[in-house]
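Colleague: Sequence:
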Amino acid sequence: MSRERFEELVGEALDEVPEELLALMSNVVILVEDDSPPGEPELLGLYEGHALTERGWDYSGVLPDRILIYRRPILRICDSDEDVVDEVAVTVVHEIAHHFGIDDDRLHELGWG
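Per my numbering, numbering of the sequence shown is gapless, rising by one per residue and ending at 1463.
Take the hints with a grain of salt, since some may be wrong.
[Said to hold, decoys possible] Between beta-carbon pairs, the in silico distance windows are: (1) Trp1407 <-> Asp1433: 42 to 50 Å; (2) Asp1433 <-> Leu1413: 19 to 27 Å; (3) Glu1358 <-> Ser1410: 15 to 23 Å; (4) Gly1411 <-> Asp1433: 35 to 43 Å; (5) Gly1411 <-> Leu1460: 32 to 40 Å.
Note that these hints are calculated values from the structure, not bench results. Computed from a prediction, not measured in an experiment: that's the story for all the values here. Here a beta-carbon is modelled for each residue, glycine too, at the ideal position from N, C-alpha and C.
Sequences are here, hints too, so could you generate the full structure?
Modeller: Structure, rendered in structure tokens:
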């Protein structure tokens, strides 16, 4: 799957996130990277930053948080384009949840692991 099509899928996944949640997201960018960090070939996405629940009165002047979606690792685990669509959606929601302070254990409990 081309990078362009993959980026479209990330956009489509974002379109499915309720407007109310998107409106609450603050100082965060969502990026597509081809590969995950060295030594983490199975990593599908990553949230880097300060979750909303961790931001206090002194939170200011910082670079945006980053949500990274890793194209090649997702493509490696998927057998079809339909699988890619599903996995991108799950990964995007998973990483957005980290922005709201939800940890991996809770996400797994909720079925977004």
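Colleague: Next step is simple, just say for each hint if it's right about the structure.
Modeller: Each hint, compared with the structure:
The supplied range of 42 to 50 Å is met by tryptophan 1407 and aspartate 1433, whose beta-carbon atoms lie about 44 Å from each other. At roughly 34 Å, the beta carbons of aspartate 1433 and leucine 1413 sit outside the given window of 19 to 27 Å. Checked against the given bound of 15 to 23 Å, the beta carbons of glutamate 1358 and serine 1410, roughly 34 Å apart, lie outside it. Under the hint 35 to 43 Å, the C-beta atoms of glycine 1411 and aspartate 1433, about 41 Å apart, fit the expected range.
With their beta carbons about 33 Å apart, glycine 1411 and leucine 1460 fall inside the hinted range of 32 to 40 Å.
Hint violations for this structure: numbers 2, 3, all remaining hints satisfied.
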